[in-house]
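Protein chains in written order, with the working numbering: chain A, 1 to 104; chain B, 1 to 104.
Treat the hints as calculated values from the structure; they're not laboratory data.
Certain hints may be false.
When chains are identical, the list treats them as one kind, so a pair holds in a single copy or across two.
Subject to a maximum C-alpha distance of 27 Å in a straight line, what follows is the list of computed DSSO-like cross-link-like pairs (lysine-lysine) [unchecked claim]: (1) 64 with 51; (2) 90 with 51; (3) 20 with 90; (4) 51 with 33.
Number of protein chains: 2
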Amino acid sequence: MSQFENVTLIKEANIYFDGKVTSRTVLFEDGTKRTLGIMLPGDYEFSTSLKEEMEILAGNLDYKLAGEDWETIEGSGVFYVPANETFQLKVHSVVDYCCSYLTE
Amino acid sequence: MSQFENVTLIKEANIYFDGKVTSRTVLFEDGTKRTLGIMLPGDYEFSTSLKEEMEILAGNLDYKLAGEDWETIEGSGVFYVPANETFQLKVHSVVDYCCSYLTE
Numbered sequence: 001m002s003q004f005e006n007v008t009l010i011k012e013a014n015i016y017f018d019g020k021v022t023s024r025t026v027l028f029e030d031g032t033k034r035t036l037g038i039m040l041p042g043d044y045e046f047s048t049s050l051k052e053e054m055e056i057l058a059g060n061l062d063y064k065l066a067g068e069d070w071e072t073i074e075g076s077g078v079f080y081v082p083a084n085e086t087f088q089l090k091v092h093s094v095v096d097y098c099c100s101y102l103t104e
Numbered sequence: 001m002s003q004f005e006n007v008t009l010i011k012e013a014n015i016y017f018d019g020k021v022t023s024r025t026v027l028f029e030d031g032t033k034r035t036l037g038i039m040l041p042g043d044y045e046f047s048t049s050l051k052e053e054m055e056i057l058a059g060n061l062d063y064k065l066a067g068e069d070w071e072t073i074e075g076s077g078v079f080y081v082p083a084n085e086t087f088q089l090k091v092h093s094v095v096d097y098c099c100s101y102l103t104e
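With the hints as extra help, turn the sequences into a complete structure.
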């Protein structure tokens, strides 16, 4: 088990796709933000404003960045989505993830 | 939006009922623990070890404590479950909750 210390946690959840994707917002002392979330099986499309690091803590999915081929993550892994881009996911199991919003 | 400050957040999610119920564990400076969770529609049964305060942040459900009648919460509300007891839930919408584990 890993953990974040001395953080601020927004109590209310972020809820998308009728609850199939949900997350909690975590604010860090250095001003950065992450979300810890769950995705249930399904196909999803998301858009970024900042660059995002998507760390898969558990679960299996395929992801597709704009202009790229589909890639697969099984169990754990990381991928990066440029700022102001749309990306697609095919989620095959319950996925536990941590999304970091990068200022570059 | 309300928030918890100066907390420790366990990164990995707690996942139950094939992802229909998930939560994150939050540890407080005073040694107490809470979980922030999501329940999707369905019928569930849980058991407590410590006394629990179940704060419904959003959503609609019915709950039944041992030996009591069914009660309804719509939108927001709180109920308490004694230690070492089983309780039942009928969740009618996506429910966002905060569970506090009380030492009495």
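Tested hints:
1. 64 with 51: Only inside one copy: residue 64 and residue 51 sit 15 Å apart there, 45 Å across copies, limit 27 Å.
2. 90 with 51: Result: close within a single copy only, 20 Å intra versus 40 Å inter.
3. 20 with 90: both (13 Å within a copy, 18 Å between copies)
4. 51 with 33: within (12 Å within a copy, 33 Å between copies)
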